[in-house]
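Student: Spelled out, the chains give:
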Amino acid sequence: DGGITQSPKYLFRKEGQNVTLSCEQNLNHDAMYWYRQDPGQGLRLIYYSQIVNDFQKGDIAEGYSVSREKKESFPLTVTSAQKNPTAFYLCASRARKENTEAFFGQGTRLTVV
Amino acid sequence: GQSLEQPSEVTAVEGAIVQINCTYQTSGFYGLSWYQQHDGGAPTFLSYNALDGLEETGRFSSFLSRSDSYGYLLLQELQMKDSASYFCAVSLSGYSTLTFGKGTMLLVSP
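Taken in order, these protein sequences are the chains called A and B.
Each residue of the first sequence is one higher than the one before, counting from 1 in my numbering.
Each residue of the second sequence is one higher than the one before, counting from 1001 in my numbering.
Check before you lean on any hint, since a few could be wrong.
[Stated by the list, open to error] The list that follows gives simulated cross-link-like pairs (lysine-lysine, DSS-like), each with its CA atoms no further than 25 Å apart: (1) A:K71 <-> A:K14; (2) B:K1081 <-> A:K83; (3) B:K1102 <-> A:K83; (4) A:K9 <-> B:K1081; (5) A:K57 <-> B:K1081; (6) A:K97 <-> A:K71; (7) A:K71 <-> A:K57; (8) A:K97 <-> A:K83.
[Said to hold, decoys possible] A few chain A positions that, by computed beta-carbon distances, are all more than 10 Å from chain B: (9) V19; (10) Q41; (11) E62; (12) G63; (13) S65; (14) A81; (15) K83; (16) E101.
Source of the hints: derived by calculation from the structure; they are not laboratory data.
From the three backbone atoms N, C-alpha and C, an ideal C-beta is built for every residue, glycine too.
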């Protein structure tokens, strides 16, 4: 079955540590996105990539980094520079053509203690 | 910048009809989408409007007025399983990112 997979579902890290969230899709989508969701804040865009080896900052990119070495994979690293990393992180992918829906992974809930 | 406004919470009873409004202010506009998210889960696509008018998909319909920068999601014959958060999202071009509103929590009671 085609889909988009995020792992792990829950992640705990100590303050000051970098952590990488995985996102893999087998939908053959060119575009991939990372969103952060906090209670009452909706989904805010962190980074996106429209094609392999290229990515752009979203609205809240500070303290995060990404890579896009393969079409299927778009990992997100939450660095120690991110002041408030505890949140629900959602990865999405979309075909790079008009009027297409975004498919979301099940999310990773990151808690920094 | 972009901003989208939608009510934070709406309540209704089973079998009723509910309308969730969304107004937007964006620099450019291509289309308005609606997504549903159950608590702690993945958002799932419901509908998309690029042109003015009503789009119907089963119990759900979505409306867009580009001149008023306004759209709504209409849910009919409400069921308990419709209790979820609903997000409107704008795309600024056919290939661009989606900018989401803060979401409307719908509570359906018996």
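Student: Tell me, in ascending order, the numbers of any earlier hints that this structure violates.
Tutor: 1, 2, 5, 8, 10 and 16
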